[in-house]
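Asks: Protein chains in written order, with my numbering: chain W, 1 to 386; chain Z, 387 to 632.
Source of the hints: derived by calculation from the structure; they are not laboratory data. Note that the Cβ used here is the ideal one computed from N, Cα and C, for glycine as well. Certain hints may be false.
[As the list claims (entries may be wrong)] List time: in silico BS3-like cross-link candidates among lysine-lysine, alpha-carbon distance up to 25 Å:
{"hint": "1", "chain 1": "W", "residue 1": "Lys29", "chain 2": "Z", "residue 2": "Lys434"}
{"hint": "2", "chain 1": "W", "residue 1": "Lys268", "chain 2": "Z", "residue 2": "Lys610"}
{"hint": "3", "chain 1": "Z", "residue 1": "Lys610", "chain 2": "W", "residue 2": "Lys51"}
[Claimed, not checked] Cβ-Cβ distance ranges computed for the label pairs, FRET-style:
{"hint": "4", "chain 1": "Z", "residue 1": "Asp411", "chain 2": "W", "residue 2": "Gly341", "range": "57 to 65 Å"}
{"hint": "5", "chain 1": "W", "residue 1": "Arg303", "chain 2": "Z", "residue 2": "Glu495", "range": "45 to 53 Å"}
{"hint": "6", "chain 1": "W", "residue 1": "Glu11", "chain 2": "Z", "residue 2": "Val612", "range": "37 to 45 Å"}
{"hint": "7", "chain 1": "Z", "residue 1": "Tyr510", "chain 2": "W", "residue 2": "Phe5", "range": "34 to 42 Å"}
{"hint": "8", "chain 1": "Z", "residue 1": "Leu548", "chain 2": "W", "residue 2": "Lys28", "range": "34 to 42 Å"}
{"hint": "9", "chain 1": "W", "residue 1": "Arg316", "chain 2": "Z", "residue 2": "Asp408", "range": "57 to 65 Å"}
[Claimed, not checked] Quick partial rundown of chain Z residues pointing at chain W, CB under 7 Å, derived from the structure:
{"hint": "10", "residue": "Asn574"}
{"hint": "11", "residue": "Met575"}
{"hint": "12", "residue": "Met579"}
{"hint": "13", "residue": "Lys582"}
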Amino acid sequence: MLADFYLLDDELNEEERQIRDTLREFVKKEILPHIGDWWLQGKFPMHLIKKFAEMGLLGITAPEEYGGLNLSKRVYGIVARELEYADSGIRSFVSVQNSLVIYPILTYGSDEQKRRFIPKLISGEMIGCFGLTEPDSGSDPASMKTHAKKTKGGYILNGAKMWITNGSIADVAVVWAKDENGIIKGFLVEKGFEGFSTQELKTKISLRASITSELIFNDVFVPDENVLPYAEGLKAPLSCLTQARYGIAWGAVGCAMATFEEAVNYSKTRIAFGKPIASFQLIQEKLADMLTEITEAQLVAWRLAELMDSGRASFRHVSLAKRNNVRTAIEVARRARAILGANGTLAEYHSMRHLANLEAVETYEGTYEIHTLILGEYITGIEAFR
Amino acid sequence: MKVMVFIKRVPDTAAIIKPSSDGKDINRENVPFIINPYDEFAVEEAVKLKESKGAETVVVSIGGDEVKEQLRRALAMGIDRAILVKHSEFWKLNPSQIGESIVEVAKRENPDMIILGKLTIDDYTYSLAPYVAYKLNYNLITYATKLEYLDGKVKAERETDLGNEVWEAEFPVVVSAERGLNEPRLPNMRGIMMAKRKTIEEIEINLPQYTYSIETFTPPPPRKGVKILENVDELIKALKEEVKVL
Ligand SMILES: Cc1cc2nc3c(=O)[nH]c(=O)nc-3n(C[C@H](O)[C@H](O)[C@H](O)COP(=O)(O)OP(=O)(O)OC[C@H]3O[C@@H](n4cnc5c(N)ncnc54)[C@H](O)[C@@H]3O)c2cc1C
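Okay, chain W solo, but in the shape it has when bound (with noise of 0.2 Å):
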C-alpha cells in the first residue's frame, strides 16, 4: 500500500493481518458505497451495529468472560485506522462502545455491572454513550454543574449533557456527575429511566452519519446498583479519554491515507494543461509533503501502541499522538481536496467528507489547544489552563 511507505504494517503478526484485510473488505463493501450518500442524509447507518458485533469490533480489548476479544492496543488502533479510512463518525461509534462505555464499567464497575452490562454491549443488543461534556463545560469539565443528591436506596440526578455521541440511540449513558460534596461519580442511566430524555441535534456539518445529542435530566432516580462503585474523581472519566483518544490518534491515520491515496489517484488521471495534473512539481510536492507526515503520525501511533500494550503510555504520550495525528489527517485531506479541484467539493468522493468530520475530531476527546497546554505543563512544569 502506497501510504505505508515505511512498511510498517509488515510487523503486523498473521492474524493483525487477517484481521486488518478482513475490516478492509468489510469497509469496501458495507461502508465506502454508501458512507457519502449517509452523511448527506445526516444518517448513522444502524443496520452495521450487529455487523460490527459479529466482527466483533465492540468488545476488542474486553476479556473473554464478559464476551471479548482480549486483544492487543495494537490490533485496537488496526481497528481505529480502517473503519476511520470510511468515516469519522464510523469510528466514533466504535470508540464510544469499547472506550467510553465498556472501559469505564470494566475498570470502575461492580463484578454485576460487568455481567449485567458487557455482554450485551459486545453483542451490539445494547449501544452505550459517554456522557462528560455540558452546554457551559467543555474543556474544563471539573466545572459541570451536573450533580447527584443521595436519596434512600440510589441518587436524584439533575442536569444536561451537551454533544454526546450516541446520546439518543443508547440503552445506557455512562454519566458524569458530582456529589453533594462536589466529587465526580459515574452514573449508569438507562434509557426509561424517569425524568431522562434525549434531543439529537440536527445541524452538524461535520461527522454527519453520527448520531449526537443532548441528555437532559430531570429528577432522574439512579438506583445504588447503577452507580459505578470505584470511580471518584475527575480522573475517572479522564481515564476513559485517554483510551479513546489513542483510538483517534490511529482513526486519523485512517482519514489521511484515504484521503492521500484518492489525491494520488485522481492527479494520475486529470488532465490539465494537456497534461496528468500529477506531471506538476506543485503537486508532487503536495503529495510528496502528505506522505512524509503520513509517515510521521504512523510511526507515532505505533510506538504508542507500544507503550500501551506495555503500560508504560501516560495520558501525555496520548495527548501528543492526539494532537498530532488529526492536525496532520486535517493538512493532508486539505491538500488532498485541493488536488481534486472542484471534484473535491462533492460528497461523491471522500476528501471534503473527511475533511468537514476532522474539524470535530479535532475538538472532541480535547482540542488541539488543550492537548498543547498538557504539554506545556510537561514540559515546563507550569499549568497553563487557567
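Please build the complex by placing chain Z with the ligand on the supplied structure of chain W, with the hints as guidance.
Replies: Relative to the frame of chain W, chain Z with the ligand by itself:
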C-alpha cells in the same frame, strides 16, 4: 456427519495478470491471492452445515506454505481443521493429479460429503467433481445452487438451460458448488483468533504422472479505451464498421 471441502489458491480476480517467463503459466510474483471463489461457496456451505447440523468440517488444499494463508481463512470462517497436501509447485499439477490427491485424502478421511467449487477461475476444467465421485464411487450432484439436508441424504437445486431441477442423493456424495449457493461470510475477528489454535496437518502423497500439460498461456488482450459517441447514427456506424456486430 463429516464434510470435506477442497480449496485452491488462485490469483485475485482483480489482479493484473502477466505471463511467466516460460510462457506456460501466469507470473505469480506480486499478485494477490484468494480462495477460488467457487471453493469459497463450498467452505461457506460446510460452515453452515456445521452450525445447523453439527457436522465435522475439514478443509484441504494442495501446495506449499503459501497456501496456509487460504487454509487459515477457511478456518477463520469456521471450518474445524485443515489438511495441506505438500507440493512445491501445485499450479503445475494437471486435473488428474489434483483429482488423485483429493481421492487419496478422501480415502483417509471417509467424509459423508465432499463439496468442491464447480471450477477454479484459473483452470476452468470443470473436471474434479465428476472425477472424484467416479473414483470414490460416491453419488454426484454438479452445479448446485441450493442444498438442503435430510436424514442421510441431500436435496439439491440445479439450474439447466431448460429449467430448474431438484435432485436428491444419498450419502456419500460429491457436490459441486455453483454461484448463488450462498453468500460467503467474511471471517470475523474471533474466527481469525480461533483459527490460530486450529491445526493444519501436513501430509505427502505420491502422485501418478500423466502425459498432458499446459503448453502456452496468453493473457487476454488489454481492453480498448472508452470512446464517447455523439449520436445514434455514429453508434450504428461503429457497431457495423468497427465492432462488426450489425
Ligand atoms: C461531534 C461531537 C461529538 C462529541 N461527543 C462527545 C461525547 O460523546 N461525550 C462527551 O462528553 N463530549 C462529547 N463532545 C464534546 C467535546 O468533547 C467538547 O466539545 C470539547 O471538549 C470542547 O469543549 P467545548 O466545545 O465546550 O469548547 P470550549 O471548552 O468552550 O472551548 C472553546 C475554544 O476555546 C479553547 N480553550 C478552552 N480553554 C482554553 C484554555 N485554557 N486555553 C486556550 N484555549 C482554550 C478551546 O480549545 C476551543 O478552541 C463531542 C463534541 C462533538 C463536536
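Asks: All hints, please: hold or fail.
Replies: Now for the hints, and whether the structure bears them out:
Taking the CA atoms of Lys29 of chain W and Lys434 of chain Z, the gap is about 22 Å. The hint holds against a cut of 25 Å. Restraint check for Lys268 of chain W and Lys610 of chain Z: satisfied, since their Cα atoms lie roughly 19 Å apart, inside the 25 Å limit. A distance of roughly 40 Å separates the Cα atoms of Lys610 of chain Z and Lys51 of chain W; the hinted pair therefore is violated under the 25 Å criterion. Remark: the range hint 57 to 65 Å for Asp411 of chain Z to Gly341 of chain W is contradicted by a beta-carbon distance near 44 Å.
About 48 Å separates the C-beta atoms of Arg303 of chain W and Glu495 of chain Z, a value consistent with the hinted range of 45 to 53 Å. Separation of Glu11 of chain W from Val612 of chain Z is about 41 Å and conforms to the stated range, judged on CB atoms against 37 to 45 Å. In this structure the hint that Tyr510 of chain Z and Phe5 of chain W lie 34 to 42 Å apart at CB holds, the actual value being about 39 Å. Taking the beta carbon of each, Leu548 of chain Z and Lys28 of chain W are about 38 Å apart, inside 34 to 42 Å as hinted.
Checked against the hint of 57 to 65 Å, the pair Arg316 of chain W and Asp408 of chain Z passes, with Cβ atoms roughly 59 Å apart. With a least beta-carbon distance of about 5 Å to chain W, the hint placing Asn574 of chain Z at the interface is held under the 7 Å criterion. Among the interface hints, the one on Met575 of chain Z holds; its C-beta lies about 3 Å from the nearest C-beta in chain W, closer than the 7 Å criterion. With a least beta-carbon distance of about 6 Å to chain W, the hint placing Met579 of chain Z at the interface is held under the 7 Å criterion.
Nearest Cβ of chain W to the Cβ of Lys582 of chain Z: about 6 Å, under the 7 Å cut. The hint holds.
Violated hints, in rising order: 3 and 4; the structure is consistent with all others.
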